[in-house]
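Each chain, letter by letter, is given below.
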Amino acid sequence: MLPLLSLTLATLLVGTLGTFFAGARARWVALATSILFLLEVALLFLNYSGWPGYNGSLVPGFSESESYAWIHLSWLQINYTVGVDGISLVFVLLTAILQIATVVYSWGETRRPGAYFGLVLLTCLGSFGVFVALDILLFFLFWEAVLVPMFFLIGHWGGPHRRYAALKFFVYTHVASIVMLVGLLALVFYSGATSFDFAAVYASARSLAAVPQTFLFLALFFGFGVKFPIVPFHTWLPDAHVEAPTGGSVLLAGLLLKLGGYGLIRWAVELLPSGLHTTQPLLFFIAFLSIVWGSVLSLSQRDLKRLVAYSSINHMGIVLLAIALDSSLGLIAAVLLMFAHGIVSGLLFMTSGSVHHTFGTRDIPSVGGITPTTPALSTMIMAGSLASLGLPALISFPAEFTALLATWNGLHYWVFVPLGILVVTAAFYLWMMQRLLFGPPKGIPREAHDVPWYEGAGMGILVLFTILFGILPGLLVNVIVSSPIRGWPGT
Amino acid sequence: MDLSSFAGPFLPEILLLAGTLLVFLFDVLGVRTTERVGAVAVGATALALLFVVADLGFAPLTFLRTIPAGQLDAAASGTPLYAFTSLGLVFQAIFLLATLLVSLASLSRPSRDRGAPIFFGLLQLAALGMLLVALASDLIFLLLAIEVTSIATYLLVAYTRHDSRSLEAAMKMYIIGALSTTLSFFGASLLYGAYQTTSLLAIARDGGAAGFPVLVLLGYGFLIVGLAFKATLVPFHAWAVDAYDGAPTDVTAFLAGGSKKVGLFAFFLIFLAPILFVRAAAPGGSPFTSGAVALGPVLQITLSVLAVGTMTLGNVLALLQKEMKRMLAYSSISQAGYMLIGIAVGTAPALAGATLQIFAHVFMKTGAFLLVAGVTAWGVGPLIDDWKGLGTRRPFVGVAFALMLLSLAGVPLTVGFVSKFVLFSAAVQAQGYFVWLAVAGLLNSALSVFYYARVLRVMYFEEPAARATPTGAVAGGSEPPVLPAGGLGYGRATAILLAVVLIVAVGVYPQPVLGAIQAAATHFVNLGA
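If you're matching them up, the sequences are chains A and B in order.
Numbering of the first sequence is given in the working numbering, commencing with residue 47 and proceeding in unit increments.
Numbering of the second sequence is given in the working numbering, commencing with residue 126 and proceeding in unit increments.
It is worth saying that the hints were derived from the structure and are not from the lab.
On a predicted model such as this, the values are computed, not experimentally measured, just so you know.
Every residue gets a Cβ at the ideal spot worked out from N, C-alpha and C, and that includes glycine.
Incorrect hints may appear among the rest.
[Said to hold, decoys possible] Partner residues aside, some chain A positions facing chain B, computed with beta carbon under 7 angstroms:
| # | residue |
| --- | --- |
| 1 | 82 |
| 2 | 85 |
| 3 | 187 |
| 4 | 231 |
| 5 | 248 |
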């Protein structure tokens with residue numbers, strides 16, 4: 047059988063290296079790599095044996111899995127092990143979509159294009175690796191590999207306070223990674239797993255006593271939670287998002303936050319059921335706190351980009367809530383929500399970047415009535431905002447609906463907290479659209495014209511997927527539910 | 126061919142001794158050019174390394190074995206002065222690699238350098254002392270072997286004779302070295318008083334069970350302080366930075382990568398064994414109840430505190446440095462802290478991790494200092510800021526230095542990452558409070574990223590300054606310093622290339638090296654069992 051995952055990794059690696067050294071032609075290499083990546087992901091979907099009918103086994107089964115020995119000592123067994131299940135496949139798809147959209151959107155980047163596109167591709171390479179790695183060391187390597195290019199993207203191409211933002215991003219996430227690494231190592235050695243492979247840890251960790259599971263879960267939760275980000279460790283996010291270049295913000299919101307969610311599901315929730323059970327109240331508390339505090343902060347912003355950035359905290363709070371519910375419906379909702387948020391927040395960051403390019407400001411009250419001047423951009427802002435407020439037939443609706451349903455099943459009337467917040471946020475988005483898009487023109491420079499074709503195309507790709515998966519969420523759900531996770535119907 | 130009948134297991138030592146004598150003979154005969162004298166040193170070191178590696182059992186070389194099959198890692202009978210252990214051989218290989226790198230690079234020193242025979246002769250003499258350290262199984266033999274190395278290095282630091290900074294550094298080293306020797310021997314004599322033997326194995330077997338707890342604790346205490354000077358542990362580190370800074374940079378490379386590791390290996394020999402034996406004596410039970418003194422835990426806690434202090438202070442001070450050599454010197458101190466974790470944890474995996482860390486440090490730090498020496502010879506000043514734009518002006522030197530720094534920082538796919546990963550994994554594997562050592566080590570390595578990254582930023586993202594450096598070492602004016610057309614020289618370039626290749630190769634596929642080190646560490650831990 048074709049080692050499809052290694053092939054994809056090799057494609058991305060070669061493409062990234064090629065982009066770095068391609069100089070002025072970097073964007074073409076990056077585009078070719080992205081198209082090839084998307085095709086390979088499509089092939090992964092077609093080959094996925096768990097779709098439509100998965101025949102489960104005792105330990106989580108992964109398709110496309112490959113394993114080669116890397117470091118073998120008597121006490122340390124590390125392999126190069128990769129594989130996908132339905133959950134990772136959804137995130138892999140998200141990576142491919144965001145990569146191509148970002149490359150197209152950034153087509154006009156003129157400041158050191160080789161390095162810029164190379165770093166974008168490297169971020170996606172690292173994320174892809176995180177989603178397919180099934181060995182703790184390999185996972186950690188890819189996890190760290192995401193950090194470095196993002197640091198440089200913010201630090202070199204970012205806004206006026208980029209140095210501070212890049213450093214803050216680096217320190218927060220790096221400290222979190224260290225705690226995560228210690229947690230993962232402790233997971234292996236305290237459970238007596240025979241190797242660093244996911245399957246080996248799965249076989250041994252689940253039988254740990256509740257107390258060590260709780261401590262391990264807390265360590266991992268902190269490690270993954272800072273990436274989420276959870277309140278009170280969220281303060282790196284607005285700085286990083288606002289200072290990052292648009293492409294960087296898209297990847298940051300679309301992929302990096304998802305790494306935290308994916309990591310929590312794969313390496314904490316699946317492995318430490320008792321740990322999740324005992325820390326559930328804490329998780330609920332933090333989730334509700336993130337939802338409420340994130341939306342309060344979001345509603346008080348005047349800067350379009352800040353608004354989108356803070357709304358990420360709110361959305362990821364709902365993701366955490368869905369994960370913490372410890373039910374199969376909750377997990378489906380969490381994965382769907384992350385996919386939806388990845389696409390939609392990417393779109394919104396692109397629109398806010400375009401607003402900034404076109405009108406020279408992102409201050410919502412100082413610009414208004416832009417539709418006659420920039421009809422294409424207005425359409426995209428409208429699509430993004432409607433998707434974000436959860437309009438049916440767009441991707442967020444099935445995700446949020448599932449999340450609310452799962453919350454009702456698990457927590458009953460507490461569902462009114464996220465529901466109420468969603469209604470308020472929806473109203474706020476409508477008001478924002480009314481002020482920005484319609485009404486008398488205001489604050490529009492004379493030379494303003496509609497977005498260049500590549501920015502439109504980049505946003506168009508995301509809008510396309512927003513509608514496609516909004517109408518046919520079953521395409522994703524079928525894949526997700528074929529992952530043999532505890533609590534799944536039929537496992 | 127059975128070499129053991131010809132020169133016996135001491136062939137590497139004999140080779141180095143012959144090399145030393147030959148070089149000094151050359152001096153008398155008037156053959157003094159760097160190339161000729163250096164060739165002898167490089168040849169002797171490389172041959173010795175070959176035999177040591179063969180004795181470690183690497184497949185294609187096994188026919189060169191000099192140690193008879195039964196003698197390696199054999200359970201000692203009686204109280205011999207020396208023993209052939211796999212771990213000792215690993216350390217011999219590490220010491221010889223450091224010597225080889227420095228000798229190779231020194232081939233590129235000016236051909237008419239007056240001190241060439243003295244330099245290469247002393248280098249080999251120091252290496253000979255280090256090889257003997259790796260064989261020691263007796264306290265007095267060990268301390269005497271350390272003395273051989275130390276005396277050779279005092280002289281090495283001052284070999285140029287006319288540089289007052291080097292002389293000052295040598296003087297500091299000598300005074301501190303004499304103090305540390307005195308303390309070590311005093312500690313050894315106290316231990317002899319308590320145990321009535323100087324055999325390391327016999328002392329270790331006795332553990333804390335001797336009838337004179339005060340003597341034992343005092344003896345170990347003096348030994349720790351004495352050897353901590355040699356291994357540059359905080360708070361006994363202050364001399365090292367001045368000495369590293371003042372010494373000729375090639376000698377600094379040897380001090381940091383080679384002779385300092387002697388002190389660390391002595392820590393392995395003297396302090397690890399009691400920890401192991403006390404643990405073996407009371408498996409499962411509380412170690413505090415075994416013997417008259419809770420020696421194992423006391424040593425473990427002391428070493429843990431030293432390790433964390435050394436890492437942290439070394440890193441914080443390295444952050445504050447403006448000069449390249451001093452930054453590397455402080456970073457070297459902090460690395461000693463990581464290595465100490467291995468002894469404090471005291472399991473075979475941790476020992477393997479510490480040994481790999483020491484192995485890695487040879488390429489990273491010796492390589493870095495050798496590169497700095499070459500770049501300084503171009504007229505680049507001592508400050509980190511003097512390296513502005515060097516990465517783009519000299520791409521290959523830039524990439525090599527970047528790889529060394531990334532490895533020091535513990536970036537994945539370099540040997541520095543693998544060694545730290547194994548070390549910290551081992552600390553977590555030992556469970557209990559050692560997990561905190563891993564956390565401290567990881568936080569420290571996160572901290573260290575900043576000062577390494579700063580050098581990278583200066584090298585790659587900043588333009589050369591159009592000003593004279595404050596030290597006036599560079600012809601400044603309004604032009605950035607002009608780099609000479611020549612390269613590093615073949616010898617130095619080979620040494621640096623060798624270091625970089627090993628950093629990446631072992632970093633990507635550590636299995637062969639790590640497997641050998643793990644096997645050696647396991648043998649060492651099982652010696653008394």
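Requested in this report: Kindly indicate which numbered hints from before are broken by the structure, ordering the numbers from low to high.
Outcome: 1, 2 and 5
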